[in-house]
Structure formats: structure tokens, C-alpha cells
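Top to bottom, those sequences are chains A and B. What the first sequence shows, in my numbering, is residues 354 to 667, in sequence order. What the second sequence shows, in my numbering, is residues 3 to 113, in sequence order.
Among these hints, one or two may not hold up.
[Said to hold, decoys possible] No farther apart than 30 Å at their CA atoms in a straight line, the calculated lysine-lysine pairs in the BS3-like style are these:
#, chain 1, residue 1, chain 2, residue 2
1, A, Lys447, A, Lys479
2, A, Lys576, A, Lys662
3, A, Lys432, A, Lys446
4, B, Lys66, B, Lys55
5, A, Lys446, A, Lys457
6, A, Lys590, B, Lys66
7, B, Lys97, A, Lys393
8, B, Lys91, A, Lys393
9, A, Lys456, A, Lys445
10, A, Lys590, B, Lys55
11, A, Lys664, A, Lys627
12, A, Lys432, B, Lys66
13, A, Lys447, A, Lys457
14, A, Lys447, A, Lys464
15, A, Lys628, A, Lys662
16, A, Lys634, A, Lys576
17, A, Lys417, A, Lys441
18, A, Lys628, A, Lys576
19, B, Lys91, A, Lys395
20, A, Lys395, B, Lys97
21, A, Lys576, A, Lys464
[Unchecked claim] Computed from the model, here is a short list of chain B residues facing chain A with C-beta under 10 Å:
#, residue
22, Pro35
23, Met38
24, Phe47
25, His51
26, Ser53
Rather than coming from a laboratory, the hints here were simulated on the basis of the structure. The beta-carbon is built from N, C-alpha and C at its ideal position, and this holds for glycine as well.
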Amino acid sequence: MFLSVGVRFEANVEALNMVETAGNYTKHRRVPYLVEEDGKLKTVYVPAISGESLAHAYQWSLVKEALGMNLPVCEDCAKGEFFKSMNKAHLKKKIDPIPDDSKKIEATIIKSCVIEDVGGFLYAEKPPVRRSSAFQVSYALPIKSMALFATAEPQLHARHAQMDAKGKKGNVSEQMIYYVETGTALYGFTFNLDLDAIGVSSLGAGPIVPEEEIRARREASLKALFRMLSSAQFGAKLSRFFPVGGITELTVVVTEHPFVVTSPIYDSYIERTKKRLEVIKEAFREEYFFDSTNEVPEEVLRKAIEYLKEKGYV
Amino acid sequence: MDFPEIVNMLRFFIRTGNFGYVDRIGNALTYEPVEMAILEALRAFRSIHESAKTDENYGKYIEKDGKKIYLPRIPSEEEIRTFLNAVRKDMSVAKRVATLALAFPSKGGEE
Chain A
354 MFLSVGVRFE
364 ANVEALNMVE
374 TAGNYTKHRR
384 VPYLVEEDGK
394 LKTVYVPAIS
404 GESLAHAYQW
414 SLVKEALGMN
424 LPVCEDCAKG
434 EFFKSMNKAH
444 LKKKIDPIPD
454 DSKKIEATII
464 KSCVIEDVGG
474 FLYAEKPPVR
484 RSSAFQVSYA
494 LPIKSMALFA
504 TAEPQLHARH
514 AQMDAKGKKG
524 NVSEQMIYYV
534 ETGTALYGFT
544 FNLDLDAIGV
554 SSLGAGPIVP
564 EEEIRARREA
574 SLKALFRMLS
584 SAQFGAKLSR
594 FFPVGGITEL
604 TVVVTEHPFV
614 VTSPIYDSYI
624 ERTKKRLEVI
634 KEAFREEYFF
644 DSTNEVPEEV
654 LRKAIEYLKE
664 KGYV
Chain B
3 MDFPEIVNML
13 RFFIRTGNFG
23 YVDRIGNALT
33 YEPVEMAILE
43 ALRAFRSIHE
53 SAKTDENYGK
63 YIEKDGKKIY
73 LPRIPSEEEI
83 RTFLNAVRKD
93 MSVAKRVATL
103 ALAFPSKGGE
113 E
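Taking the hints into account, I'd like the entire structure generated from these sequences.
Structure (C-alpha cells):
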């Protein structure tokens with residue numbers, strides 16, 4: 354089973370993805386974007402949130418869900434440090450001595466950590482072992498029809514420290530000003546989860562953990578997505594720049610084989626997704642789950658999980 | 003037209019490990035990304051200038067990994083204007099400037 358989610362969310366004055374600090378200026382991530390204006394294409398630069406940022410938040414949610422369900426999470430991932438068994442030093446925490454067989458290495462990592470099972474890993478030593486992530490996430494980008502209204506604007510802030518003349522060093526000022534570039538846009542992103550890849554070897558060695566645990570891992574993966582979206586715990590600087598807004602639309606599709614919702618950056622993405630699903634249903638005679646809302650996104654996610662439970666997948 | 007002030011500014015970013023601006027200018031296929039990269043580079047460079055330390059010879063520098071990296075001068079309005087006009091006419095000018103910035107400085111510079 355393959356789950357694909359299209360999310361639209363409004364975020365005003367957010368600093369969810371900052372890219373560099375130059376002096377006292379912290380910049381928001383920006384990407385070039387093609388928009389059509391008066392029948393001509395042009396490039397504009399819009400605020401964006403990277404897939405890496407969203408993937409980190411998802412994996413952090415997954416840590417909490419997995420631990421809550423007594424599923425294994427390795428020492429590094431439990432701290433939110435997703436090293437993913439990248440070298441001998443990290444892999445030795447799971448198995449010592451390290452075997453020469455890549456299938457054994459993969460099996461050990463999958464058994465000992467749900468995060469590396471779902472989020473993939475790369476052991477970059479001899480023999481190198483790579484596992485693709487079972488989930489995929491796009492950048493969050495302003496939706497096409499409103500991209501020209503998206504902004505990235507610096508906000509001025511000041512910090513103040515009382516200090517007497519003796520305590521002063523060089524040209525340090527009592528008052529320091531700094532700028533934080535904030536973004537405002539109606540963003541859209543896509544999240545996919547290949548439930549069939551969870552708990553199963555990517556090197557052709559079949560299921561690595563018992564069927565019951567595979568179902569529990571799938572459930573933890575779905576709950577993590579639910580929790581991440583519902584709590585809006587993604588991106589950075591939430592402590593002072595928690596975005597004003599929230600999810601405006603959410604579309605969920607569950608199919609037997611990989612199918613990705615039409616990107617929510619397009620206004621007609623819900624209708625287009627439905628039409629594409631109908632064609633696939635006719636051509637391949639495959640069942641699917643589809644739901645969409647602009648009211649209570651949690652309800653759509655709950656229905657998708659129930660559908661997968663009915664199918665015996667979780 | 004080699005645009006030495008722009009090249010030196012880009013080279014400063016390269017020395018601090020920030021390849022973003024030079025890559026965007028060197029890889030641009032149209033004018034807009036070059037203009038945006040120059041705008042962002044100048045904004046960042048201005049901020050760094052303001053917070054940089056000054057040595058006994060009034061040279062501005064920042065410290066990275068215990069080493070002093072001296073700041074070149076802020077590119078002049080005239081050079082920026084000429085550069086942007088040249089890029090608008092011929093995109094290969096942008097690639098040439100980025101290539102020069104990535105090269106070892108021939109004289110007077112530091113690496």
C-alpha cells in the first residue's frame with residue numbers, strides 16, 4: 354500500500370527554514386519559481402521550506418511514536434541525531450564486530466531502529482550498505498496562483514544588555530540590532546509513504562521483523578505524520594516565529610501501488626487527483642482510498658488510518 | 003571587463019566556505035538569478051562589513067577557524083551597474099566572473 358498526502362498550509366511571518374547568517378542578518382530559504390504572467394513565463398524568488406527540514410520533523414515525530422509503542426529506536430535517533438549508522442563508529446553501537454555481509458548489516462540496522470527502517474540510511478564503509486527512505490517529502494513552496502503575493506521580509510529585532518563602562522569590550526554596544534527574514538505564503542507540499550517497504554529488506558532478503566511488528570511500525574509511521582501535521586511541529590524558530598495560520602487543505606490517497614497526488618501548488622490538484630485515480634481504477638481495476646478537506650484535516654488522516662486498518666495493513 | 007571588485011567579493015565568500023553565490027552566478031541560464039544572487043551577496047557582505055573587526059592598519063577582517071580573513075572593499079555602484087548590464091546582454095559574462103572568483107588570485111590577493 355502506498356499513501357500520498359497533499360498539504361496546503363498558510364504561514365504568515367514564519368522563519369521555518371533559515372539558510373545562513375551574515376553578520377546580523379539571518380536569511381530565509383528562497384528558491385527560483387516559474388510563474389506565468391500575461392502569457393509569459395518569468396522567474397521569481399519565493400520563500401521555501403526544504404524537504405530536509407520537513408523530513409527531520411517527520412522523523413522526530415516518528416521517534417516519539419515508536420518509543421510510545423515500545424518499538425526499537427537506536428541511541429542516536431532517540432536523541433534526534435539522525436546519523437543513520439553512517440560509519441563504523443555509529444554502526445558498532447548496534448553490532449560489534451561488524452559483519453562483511455551487507456544483508457546482515459541491513460537486517461541488524463532495521464531490527465534495531467524504526468527510524469532507519471522507515472527513513473533509510475547509508476552505511477558508507479566497506480561494504481557500503483544503502484537503504485532508500487520509505488517516505489518521500491517535497492519542498493514546501495508557495496502555491497502557483499498566489500506565488501507573486503508571497504514575501505520574504507526582514508524584521509528588525511533588538512537585544513539589550515546592561516553593562517557598565519568597565520565591562521565593555523571594544524565596540525560592543527549595549528543594544529544590538531539584528532534582522533530575521535520572515536516568509537509569508539500559502540504553501541503546498543507532498544508527502545508519500547510506501548508502507549510495503551517498512552520492515553522489509555531492500556536487498557531482497559524479505560521481511561526482517563515479524564509481521565505483527567511490521568504492522569506496528571506502519572501504524573507508528575502513520576501516527577507520526579498525523580502528529581507532525583496536526584501539531585505543526587516542523588521547521589525552525591518555532592519558539593519565537595511560530596507561523597500564524599494553519600492547514601487550509603489536505604488530500605489523502607491510499608493506493609495498492611505507488612501513486613502520488615497532483616501537487617497542491619496547482620489550484621485544480623484535488624480534481625486532477627480524482628480524475629487520475631478514476632483512470633487507474635478503470636485501467637488496472639485497483640481499489641483506492643481518497644479523501645480531501647478544507648475543514649478538519651485530522652478527520653481525513655483518521656479515515657485513512659481506519660481504511661488501512663480495515664485492509665489489515667496496520 | 004573582469005569586474006575585480008565583484009570577483010573579490012565572491013572570492014571572500016568562497017574563502018569562508020560559502021559557495022552559494024558564486025555557484026548561482028556561474029550556473030545561471032537567465033539574467034534574473036544573477037541579479038538576485040548579486041543582491042543577496044551584497045546584502046550579506048554589507049552585514050559582514052558592519053560587524054567585522056578592524057586591525058591596527060584599519061583592515062577589516064573576520065575570524066574563521068582561528069584564521070583572519072580580510073574583507074575586500076564593497077563593490078562600487080558603477081561596477082555593479084556595468085556588470086548587470088553586461089550580463090543582460092551576454093550571459094557568458096556571469097560564468098566568466100564566477101570562474102575567475104574560483105581561480106587562485108594572480109596578484110595582490112590572498113588565498
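Next on the checklist: Check the structure against each numbered hint from earlier and tell me which ones fail, lowest number first.
Outcome noted: Every hint satisfied by this model.
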